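**Q** Letter by letter, the chains look like this.
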Amino acid sequence: MLLEGKTAIVTGSIQGIGRAVLIEMVKNGADAIACGQRETPEFTELAADLRREYGRLVVPVYFDFSDKDGVKAAVSEIRKAGKPIDILANVAGMTIDAFFPMVTQEQLLTVFQINFFSQIAFTQYIVKLMLRNGKGSIVNFSSVTGIEGNPGQLAYGAAKAAWVAATKTMSAELGPKGIRVNAVAPGSIATAMTADLPEDVAAAQIAKSSLRRFGQPDEVAKTVVFLASDRASYITGQIVKIDGGL
Amino acid sequence: MSNLEKYIEAFKTTFELGDESALPALKYQDIEAWDSVGHMALIAELEDAFDIMMDTDDIIDFSSFEIGKEIMAKYDVAL
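Protein chains in written order, with the numbering used here: chain B, 1 to 246; chain Z, 1 to 79.
It should be emphasised that the hints constitute simulated quantities derived from the structure, not laboratory data. Don't take every hint at face value.
[To be verified] Quick look at which bits of chain Z chain B covers, simulated, 3 or more residues with Cβ under 8 Å:
1) 29-43
2) 46-58
[What the hints assert, rightly or not] The calculated lysine to any residue pairs, modelled on SDA-like cross-linking and capped at a C-alpha distance of 25 Å, are:
3) Z:Lys12 / B:Glu173
4) B:Lys168 / Z:Ala33
5) B:Lys168 / Z:Glu32
6) Z:Lys69 / B:Ala121
7) B:Lys80 / Z:Gly38
8) B:Lys177 / Z:Glu47
9) B:Lys68 / B:Gln113
10) B:Lys72 / Z:Glu32
11) B:Lys80 / Z:Gln29
12) B:Lys72 / Z:Ala73
13) B:Lys222 / B:Ile239
14) Z:Lys74 / B:Val71
15) B:Lys72 / Z:Leu23
16) Z:Lys27 / Z:Glu5
17) B:Lys177 / Z:Ala73
18) B:Lys68 / Z:Lys6
19) B:Lys68 / Z:Tyr75
20) Z:Lys6 / B:Gly82
21) B:Lys83 / Z:Ser63
22) B:Lys72 / B:Tyr54
23) B:Lys177 / Z:Leu23
24) B:Lys177 / Z:Thr13
25) Z:Lys27 / B:Pro176
26) B:Lys135 / Z:Lys69
27) B:Lys80 / Z:Leu23
28) B:Lys177 / Z:Lys27
29) B:Lys177 / Z:Ile52
30) B:Lys177 / Z:Ser63
31) B:Lys80 / Z:Lys27
32) B:Lys27 / Z:Asp55
33) Z:Lys6 / B:Arg132
34) B:Lys72 / Z:Glu47
[Claimed, not checked] Computed beta-carbon distance windows for the label pairs:
35) Z:Asn3 / B:Tyr234: 27 to 33 Å
36) B:Asn150 / Z:Lys27: 44 to 50 Å
37) B:Gly5 / Z:Asp51: 22 to 28 Å
38) B:Gln216 / Z:Glu70: 27 to 33 Å
39) B:Lys135 / Z:Lys74: 29 to 35 Å
40) Z:Ala22 / B:Gly245: 56 to 62 Å
Small disclaimer: the values here were computed from a predicted structure and weren't measured. C-beta: ideal position from N, C-alpha, C; glycine also.
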């Protein structure tokens with residue numbers, strides 16, 4: 001198992017790719033602090049199932065990335081748990097789609113607040129915990145949209161592009177302290193975020209990929225686990241596209 | 001151990017200092033170990049020592065040994 005004996009924090013773990021990352025981390029032997037916006041019966045059941053099936057610790061922590069005090073309280077809760085933190089997967093994200101001429105400052109601020117600013121603050125707090133161990137691995141979530149752009153997704157794409165620069169900067173600053181920082185950039189992945197796409201848009205996205213299909217959340221999660229693990233011990237500052245060959 | 005001793009110990013541990021005589025004049029980036037990442041490590045050490053959690057603005061303002069004492073007072077840590 002790639003993550004035996006490690007403790008991982010996964011944000012956005014209630015659904016979609018974050019949920020898949022949480023499951024894959026636990027399957028690979030990690031204890032997990034599973035962060036989500038709010039408790040749901042399905043998630044409570046998932047956490048219990050993971051504990052039962054894999055015998056790992058799965059601790060849910062609920063907070064909203066738009067609430068600065070909530071973020072701080074969550075970190076305080078994580079800190080008080082007293083476990084050394086080895087891995088942080090910054091999966092949480094949301095989108096407000098609008099074309100460039102129509103996007104408002106408020107929309108930009110909202111998307112950046114949740115997808116970038118708050119998560120940088122959260123990561124600053126968690127890095128302090130990692131520094132105590134002199135090692136750690138952070139996997140950020142950019143997106144193919146953040147690298148290539150996508151009509152109608154200016155706010156989301158720009159916030160995800162910010163993670164490219166942040167990942168490279170963080171890796172340069174934290175590498176000497178034994179902390180690796182990488183990012184994944186998923187393409188079209190079959191989640192609730194893509195389920196509502198109009199049929200023609202979905203078909204066009206599939207046609208663009210070499211593999212002619214949407215990716216599955218667990219295909220992203222497996223890459224995240226690899227980057228988080230010691231198997232990737234000489235990999236840092238990289239943005240790994242998981243896009244089926246766009 | 002008094003609060004001041006714990007405060008001094010945090011600096012000595014984080015920056016691996018044997019001698020504490022230079023501490024009262026010590027400022028951020030005066031020594032190689034007190035760089036931006038060393039700064040985060042120092043804050044982590046202080047948070048552990050005093051069971052507090054500092055605000056980002058205070059972390060940024062914590063620019064010297066002496067100013068740090070004033071900031072610690074905001075968290076009811078008398079030095």
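**Q** With reference to the structure, classify each hint as holding or not holding.
**A** Hints versus structure:
1. 29-43: Coverage by chain B holds for the stretch 29-43 of chain Z (5 residues, Cβ < 8 Å).
2. 46-58: With 5 residues in contact (Cβ-Cβ under 8 Å with chain B), the coverage given for the stretch 46-58 of chain Z holds.
3. Z:Lys12 / B:Glu173: Distance of about 22 Å is within 25 Å: holds.
4. B:Lys168 / Z:Ala33: 22 Å, holds
5. B:Lys168 / Z:Glu32: 22 Å, holds
6. Z:Lys69 / B:Ala121: Distance of about 24 Å is within 25 Å: holds.
7. B:Lys80 / Z:Gly38: Holds. Lys80 of chain B to Gly38 of chain Z sits at ~22 Å (cutoff 25 Å).
8. B:Lys177 / Z:Glu47: 19 Å, holds
9. B:Lys68 / B:Gln113: 10 Å, holds
10. B:Lys72 / Z:Glu32: 30 Å, violated
11. B:Lys80 / Z:Gln29: 30 Å, violated
12. B:Lys72 / Z:Ala73: 20 Å, holds
13. B:Lys222 / B:Ile239: 15 Å, holds
14. Z:Lys74 / B:Val71: 20 Å, holds
15. B:Lys72 / Z:Leu23: 30 Å, violated
16. Z:Lys27 / Z:Glu5: Status holds; Cα separation ~18 Å.
17. B:Lys177 / Z:Ala73: 30 Å, violated
18. B:Lys68 / Z:Lys6: 29 Å, violated
19. B:Lys68 / Z:Tyr75: Status holds; Cα separation ~18 Å.
20. Z:Lys6 / B:Gly82: Holds, at roughly 20 Å.
21. B:Lys83 / Z:Ser63: Not OK: Lys83 of chain B and Ser63 of chain Z at ~29 Å, beyond 25 Å, violated.
22. B:Lys72 / B:Tyr54: 30 Å, violated
23. B:Lys177 / Z:Leu23: 23 Å, holds
24. B:Lys177 / Z:Thr13: Since the Cα atoms of Lys177 of chain B and Thr13 of chain Z sit roughly 15 Å apart, the hinted pair holds (cutoff 25 Å).
25. Z:Lys27 / B:Pro176: 22 Å, holds
26. B:Lys135 / Z:Lys69: Status violated; Cα separation ~29 Å.
27. B:Lys80 / Z:Leu23: With Cα atoms ~30 Å apart, Lys80 of chain B and Leu23 of chain Z exceed 25 Å; violated.
28. B:Lys177 / Z:Lys27: 21 Å, holds
29. B:Lys177 / Z:Ile52: 23 Å, holds
30. B:Lys177 / Z:Ser63: The hint holds at about 21 Å.
31. B:Lys80 / Z:Lys27: 30 Å, violated
32. B:Lys27 / Z:Asp55: Given that 25 Å is the threshold and the Cα spacing comes to 35 Å, the pair is violated.
33. Z:Lys6 / B:Arg132: 17 Å, holds
34. B:Lys72 / Z:Glu47: Holds. Lys72 of chain B to Glu47 of chain Z sits at ~13 Å (cutoff 25 Å).
35. Z:Asn3 / B:Tyr234: 27 to 33 Å: Distance hint for Asn3 of chain Z, Tyr234 of chain B is violated at roughly 43 Å.
36. B:Asn150 / Z:Lys27: 44 to 50 Å: For Lys27 of chain Z against Asn150 of chain B, whose Cβ atoms are near 47 Å apart, the range 44 to 50 Å holds.
37. B:Gly5 / Z:Asp51: 22 to 28 Å: 27 Å, holds
38. B:Gln216 / Z:Glu70: 27 to 33 Å: Cβ of Gln216 of chain B to Cβ of Glu70 of chain Z: about 54 Å, so the range 27 to 33 Å is violated.
39. B:Lys135 / Z:Lys74: 29 to 35 Å: At roughly 32 Å between Cβ atoms, Lys74 of chain Z and Lys135 of chain B fall inside 29 to 35 Å, so the hint holds.
40. Z:Ala22 / B:Gly245: 56 to 62 Å: For Gly245 of chain B against Ala22 of chain Z, whose Cβ atoms are near 58 Å apart, the range 56 to 62 Å holds.
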